[in-house]
Structures are given as C-alpha cells and as structure tokens.
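K.L.:
Sequence:
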Amino acid sequence: MRVVLRSKIHRAWVTDANPDYVGSILIDQDLMDKIDLWNFEKVLVCDVTNGNRFETYAIAGERGSGVCSVQGAAARLSSKGNCLII
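Per our numbering, the very first residue in the sequence shown carries number 102; after that it's consecutive.
Be aware that one or more of the hints could be misleading.
Stated by the list, open to error - The calculated label-pair distances, taken between Cβ atoms and stated as ranges, are:
(1) L106 - T150: 17 to 23 Å
(2) R103 - S166: 15 to 21 Å
(3) R164 - I186: 21 to 27 Å
(4) C147 - P120: 17 to 23 Å
Unchecked claim - For lysine to any residue, the following SDA-like pairs were computed, each having C-alpha atoms within a straight-line distance of at most 20 Å:
(5) K181 - S166
(6) K135 - A174
(7) K181 - D148
(8) K135 - R107
(9) K143 - A174
These are calculated hints, taken from the structure and not from any lab test.
Every residue, glycine too, gets a C-beta built ideally from N, C-alpha and C.
Turn these sequences into a full structure, and let the hints guide you.
P.N.:
As structure tokens, this is what we get:
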C-alpha cells in the first residue's frame, strides 16, 4: 500500500492546545474546504517550532474563526503560538 498526502496547510499557527479532549486537531471549516480536507480525515502534523511530528484526525471548527487547536494527547506535543505544517 502506498500512502499519499494529498493536501497541505503550510505554516498554520496554533491558536489553542487543549489536552483535556479526546484527540484531534480542530481546523477552521473554511480552510478545510479550501484544501478538500474531510472531517475526521487522518492528518500528519509537523511542528516547525519544536520539531515534533504526530498523526491525528481533523475536526471542523467554526467557519471564519481561524482556529487551529491541537487537542488531546497531541496537545503535549505542540503549544499555542507554534507553527505547524499539516
């Protein structure tokens, strides 16, 4: 099986990190629509600020909010204000 990453958000800024959630990365629905990212789609996240890499799934955030919130255990790998490649 060959895995292909089919879209990319380059230099997204973490607006919040919430370890008290089950998991995921919350992304503004408008941005998800622009890159055809589906709700609950698996994503690879690279934290440019600290070098951490992790996999999680995307959840649609409020349209126009600009939200990019790392949730659950992944919130231990990134912090508010960090720069990401998703």
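K.L.:
Between R103 and S166, does the C-beta distance stay in 15 to 21 Å?
P.N.:
About 35 Å separates the Cβ atoms of R103 and S166, which means 15 to 21 Å is violated.
K.L.:
Taking the beta carbons of R164 and I186, is their distance inside 21 to 27 Å?
P.N.:
holds (23 Å)
K.L.:
Is it true that the C-beta distance of L106 to T150 lies inside 17 to 23 Å, as the hint says?
P.N.:
holds (20 Å)
K.L.:
Under the criterion that the straight-line Cα-Cα distance not exceed 20 Å, is the pair K135, R107 satisfied?
P.N.:
Holds, at roughly 13 Å.
K.L.:
K143 and A174 were given as a pair; does the straight-line alpha-carbon distance stay at or below 20 Å?
P.N.:
holds (15 Å)
K.L.:
Tell me if the beta carbons of C147 and P120 are separated by a distance inside 17 to 23 Å.
P.N.:
holds (19 Å)
K.L.:
Check whether the Cα positions of K181 and D148 lie no farther apart than 20 Å.
P.N.:
Holds, at about 11 Å.
K.L.:
Is the straight-line distance between the alpha-carbon of K135 and that of A174 20 Å or less?
P.N.:
Distance ~27 Å between K135 and A174 Cα, so the pair is violated.
K.L.:
Taking only the CA atoms, is the gap from K181 to S166 under or equal to 20 Å?
P.N.:
Answer holds: K181 to S166 is near 15 Å, not above 20 Å.
In the structure shown, a violation is registered for the earlier hints numbered 2, 6, in ascending order.
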